[in-house]
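Student: In case you want the letters, here they are:
2 protein chains.
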Amino acid sequence: MRTSQYIIATLKETPSDAEVISHQLMLRAGMIRRLASGLYTWLPTGLKVVRKVEQIVREEMDKAGALEMLMPVVQPADLWEESGRWQEYGPELLRIKDRHNRDFALGPTHEEVVTEFVRKEINSYKQLPLSLYQIQTKFRDEVRPRFGVMRSREFVMKDAYSFHLSQESLQQTYDKMYQAYCNIFERLGLDFRPVIADTGSIGGDASHEFHVLAESGEDDIAFSTESSFAANIEKAEALAPKDTADAATQELTLTDTPNAKTINDLVEQFSVNIEKTVKTLIVKASDDVDAEYIALVVRGDHELNEIKAEKLDEVASPLEMASEEAIRDVMGASAGSLGPINCPIPVIVDRAAAVASDFSAGANVDGKHYFGINWSRDLELPTVADIRNVVEGDPSPCGEGTITIKRGIEVGHIFQLGTKYSKAMNAGVLTETGKHQVLEMGCYGIGITRIVAAAIEQNHDKFGIKWPNALAPFQVAIVPMNMHKSHRIPDIANAIYDKLVAKGIEVLFDDRKERPSVMFNDMELMGIPHQIVIGERNLDNNQVEYKSRTTGDKELLDVDDAVDFVLNQIKNA
Amino acid sequence: MRTSQYIIATLKETPSDAEVISHQLMLRAGMIRRLASGLYTWLPTGLKVVRKVEQIVREEMDKAGALEMLMPVVQPADLWEESGRWQEYGPELLRIKDRHNRDFALGPTHEEVVTEFVRKEINSYKQLPLSLYQIQTKFRDEVRPRFGVMRSREFVMKDAYSFHLSQESLQQTYDKMYQAYCNIFERLGLDFRPVIADTGSIGGDASHEFHVLAESGEDDIAFSTESSFAANIEKAEALAPKDTADAATQELTLTDTPNAKTINDLVEQFSVNIEKTVKTLIVKASDDVDAEYIALVVRGDHELNEIKAEKLDEVASPLEMASEEAIRDVMGASAGSLGPINCPIPVIVDRAAAVASDFSAGANVDGKHYFGINWSRDLELPTVADIRNVVEGDPSPCGEGTITIKRGIEVGHIFQLGTKYSKAMNAGVLTETGKHQVLEMGCYGIGITRIVAAAIEQNHDKFGIKWPNALAPFQVAIVPMNMHKSHRIPDIANAIYDKLVAKGIEVLFDDRKERPSVMFNDMELMGIPHQIVIGERNLDNNQVEYKSRTTGDKELLDVDDAVDFVLNQIKNA
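Protein chains in written order, with UniProt numbering: chain A, 1 to 573; chain B, 1 to 573.
It cannot be assumed that every hint is accurate.
No copy labels: a pair is met if it fits in one copy or bridges any two.
Pairs of lysine-lysine, BS3-like flavour, derived with a Cα cap of 27 Å [said to hold, decoys possible]:
(1) Lys235 / Lys276
(2) Lys513 / Lys63
(3) Lys63 / Lys48
(4) Lys12 / Lys126
(5) Lys420 / Lys571
(6) Lys503 / Lys571
(7) Lys12 / Lys276
No wet-lab data here; the hints were simulated from the structure.
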C-alpha cells in the first residue's frame, strides 16, 4: 500500500479528551475516530489490526472444535423475559421498539438467542457436546463510556457457547477453551495471564478471566510468587497472616483522641503500628438479619472488598454504605471513632483483624479510642469472614508462596454457566435412556476490539505503538527520503516494495512528499515493526538502512540483501 | 469437516412459511433459522457462503482502490438531522433512544456517517479522490419482511462511498466500481446484468442496478434484442411504436356498452383490437395544477408506470389513485366508462396512446363508449408523456433492436449522489487555488446476504441447491455407504479426505450412521458441487463413484485416481 493511496490520518498533538495511552495512540496513529460517546469508526489502519485479531481467534476456535455462526444484533425481548434478564439487566441493555411497537434489545451478549437456537435444533444426546461461536458487533449502553475502544458502547466480540449432557463434558470443553485462549494470546504476542474469577453460585474453578498485563490496567491481579496461581484481586481469597492471635501484652485503655479522625491520624499521633489498628465500616444489613446495619471490621492497613462483603448472608446486596447521619443515629458516634467494643449492631471481622492483638480502635464515643484491645479478653470474637482485598506479601491461597500484585486488562472470560439459561428456557435433550435432560452450558468471550487497545497499553514507547508482529497493520514500512528529488531512490524503493509484496508481505510505502522526519515519526507512531530507510548517502555505498521498531536496532544492508534480510526478520520474529 | 462434528440441520419437509424457493432451500439445507420477523441466525453452512461472498467483494473493492473501514451500526440522530433524512426517512429507519434519552438510529445506510468522517479528516484536494467501504450489519425496519434473507430487517451489506473534486473524477471512480461489480458477479458465477436505474434529479447514466437473473425475481428488466441496453422496467423509457398516428378510417360513434366495465369486456363484446383501445386513470393532481385530479390515458394493452407518472409536474407525488367516489364526483361516471372526450379535468396521454387511431374509450357517461376516436379530428391531443411500462416488442430506447423482458433480483446498486450530502453537511476541501469546494460523492452498495438467496434462486433443481463453485460451503462431499459395517470403506474414505484437506479443499465427510439415501439427499440439498460415493460393490473393482452436482454426471474412478480427478474438476470448474 502506498501512502498516497491510503488514509494515514496521523495526529501530531495528543487529543485532549483521551485519558489512556492506547486511546491517545489509536487516535494519533489514525486507527480510530470518535463518532459519538462510546461509538468509534475504525479507519483502515485500525481495522487491519482488528481483522488480525479476529483471524487468530477464528482459527483457534475452529481448532477447538467450535462452529462459527452469526446471530442477529437485534434480539426479541420475549427471550430475555424467559431468562429473567429483561428485568434483571440494568440500563446497559439498550431496549428498543420496532415500528410495530414490539420490544427488542441490542445484543450485549447472546446466551438467550443461542439457547433458543439449541432448544429448537438439538434434540438428541448424539448431537452433544456442541460448541458454537460468532464474531460480531455488540452494544452495551455504558453509563460512562471511556478510554476509547477499551470501554466503548459498540464493540466487536467473539462469544462462544457450549452445550453438554454432563458437568464432566462441560469441564472437558472448558479445559479445551482455556487452552485455546492461551494459544490465542500467545499467538497475538501478548504478555497475559489466565486469572481465577468470580464463580458466582456455581463454585469450583468454574470461571477464568484472561488479562493482558499492563501498568495502566483497571484490574489488580494477585499472583503467587511460587506457583501459577493468579486471581482477580476482587476474588482472591485473603488468608489470615497467622493461625492465632499473639498473646496480649498490653492493658486495655480508653484514651482521648480528639484529633484522630482517620487511621493515619491515629498512627501518626500515637505512634502505633498500622497493623495494630482496625477500622470499622457500617453497611446496610440484609433482610436475614434482625438489625438495620452491620459493622465490618478490617485491619487499618487493609481495604474492604465490597464483592466479598456483599456475598455475606448478613449484608445487603448490592453493598450500601451507611450515611453519616445513619452512623451517628445507630452508633452514637461519627465515622472516625467507631470500633467493635460496645458496638450496638452485629459485627463481622476480617480474618486478619481477627488475629490482631494489642490493637486500637474507636470507642464508639466521639474523640475516644481504645488501645491494647485483645479479642476474647476484652470482647467476644464476632463472626469472622474474608472481607478484604489481598495485599502484597499475604500468603497465597494456593498454599505456595506469597502474593504479588500486578495490573491487568481483562480481554477474555470463560465461564461455566451450568443450567442457568437452559433451565429457565427449557433447553434439553433425550438421553440414551430416553430421559429428558436439561443441558449444561458454558460461555466463552473475547473482546476483539478491546484486545487492540490492550495490546497498545502493553506495547508502546514515547514515540508510539510497538506492534507485536502478529498484530501489526503492516509488517514493513519503506521510507524513501526526498524521493521526489532523485531517480535512483524511487527505483530502488519500488523494486524492494514489489519484491516484498510478491512474497505476501504487507508493506506501507511512504511515497508522500514529506520531510523525512515527518515520515519517520509517522512510521514510529504507527508502530510498523520493520522499516527500510532509503537515502542518497547510503545509496552511494549501495546500502539501505534497516530499523527494528521493537528493539530500536539499526543496521546497514546491501541493497541486494535487503529483501531477504527483512523476510528473515519477519520469519524469526 | 466431519458431519458428526458439524450441524447439518437439514429438513425433509418444506417449511410452510417460506414462500420463495431460496427461503425454502436455505431453511431445508440448514443455512438459516428465523429468530423473529425479519431476523435470521446464520448456521455454519450458511455463514460459510456469506464469508465467500464477502471475501470476493473485499478483494475486488481493494483492487478498485477502495479502503476498508468500519463505521458504527448505531448512529447519532444529529447527523441525520443535518442531512434532512431524520425527517424524510420513513419508519424503515429504526429510531432509538439511549439511556440518556439521546436520539440514535440503527444504520440502514451510512452516507451521513461517512460524510461526517470525510469533512473532519479530508481537508485538501491532494487527498482526493477517496473511496471508502465497509462490510457490515445494517438494519431496515421493513413493514413486511419476507422471503427469508431476501428482504430481512437485519442484513449484511457492503457499502462504499467515494469523494471527488469534480464530476469527471466521480465518473472515473463510478466506471471503476461498475467494472468491480461486474468482476464480483462474474467471480461469484452468477448470471447477472447491470441495469440502468432511476437517476433521480441528477440525470445521465448516473445510476445502475446489478441484477441476478432469475424467474422468481421481483423486478422486471427490459433488454434490447440488439445491444447491451438493460434497464429496470420501472425506469426503461417507453417510446411510441411509430412516429405519427395513422390516418382516420372510421367515424366517431357513441355506443351503448352496458356490460363493458373493463377493457377486456370491450374487446370481447365489440371485437375491437386491444391496441385500438385506451384506458383512463384518475390520479391526484399536484399543487402546480389548477385542478384536483388529472386523467392519465394509456393504451388498453399497456400498464401505467407509477414512478414515471409521479415524476410529472402535474401529478402529486407519491402517486395517489382517485377513489371510486371521487371519480364519480369529478367525472360523472364510474371507472369503467372513462375517456378523454368531454373530460372535465386535464388529460395527459401516453406516447403510444397518442399515436393510436380509430380507437375506443369510455364516454364519461355510464354504459357508453366512443368508437373510432381520432386525435385532432375528434379532440385536441392533450399533453403527451412517457407514463407506461415498456412491453416486449417495444422499440428499445437505445435505438437498436426491440425490448425483451426478464426477471431479476437486485443485488447491487451504484449511484452518483453529486453534492446532496456534501452540501447539506458542508463537506468540502481547499482546491489547488485555495478555494473551498463542495465534494462530489458516489455510493456503491452490494447486498451480501441477499446475494446468497439470489444465487439459490438462480441455481437450484428439485433436489436442492446447485452452488456455483465460488459459493459452495464445501467443494467436495465424501459419502461412504454403510461405513460402520466395513473396514475398507472408512480406510479409503479417510485417506481421500485427508489428501483433499491437505490440498486446502473444503470437504464435508458424511460419517453419520445414516442410510445412504439420507446422506445422498442431504448432500444434494446442500448443493455440494463434487461428490465422492464410496461403497462395497465398487470397491470390489477398486473404484469409487464421482458425481457432479452441477451436471448430474456420474463417473467411476480408480481409487488411486480419485483425488487428482476431483482436484482437476475443481480447477477446471
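Student: Using 27 Å as the alpha carbon limit, work out where Lys12 and Lys276 are close: within a copy, between copies, both or neither.
Tutor: neither (53 Å within a copy, 76 Å between copies)
Student: Go through the copies and call it for Lys235 and Lys276: within, between, both or neither, with a Cα cutoff of 27 Å.
Tutor: within (25 Å within a copy, 88 Å between copies)
Student: Check Lys63 against Lys48 for me: Cα-Cα at most 27 Å, and say if that holds within a copy, between copies, both or neither.
Tutor: both (23 Å within a copy, 16 Å between copies)
Student: Is it within, between, both, or neither for Lys12 and Lys126, if the alpha carbons may be no more than 27 Å apart?
Tutor: This pair counts as between: shortest inter-copy Cα distance 19 Å, intra-copy 60 Å.
Student: When Cα atoms must be at most 27 Å apart, do Lys503 and Lys571 count as within-copy, between-copy, both, or neither?
Tutor: both (12 Å within a copy, 23 Å between copies)
Student: Between the shortest in-copy and the shortest cross-copy C-alpha distance, which are at most 27 Å for Lys420 and Lys571: within, between, both, or neither?
Tutor: Result: close neither inside a copy nor across copies, 47 Å intra and 50 Å inter.
Student: Reference check for the pair Lys513 and Lys63, CA-CA at most 27 Å: within, between, both, or neither?
Tutor: between (46 Å within a copy, 24 Å between copies)
Violation of the numbered hints given earlier is confined to hints 5, 7; the remaining hints are satisfied by the structure.
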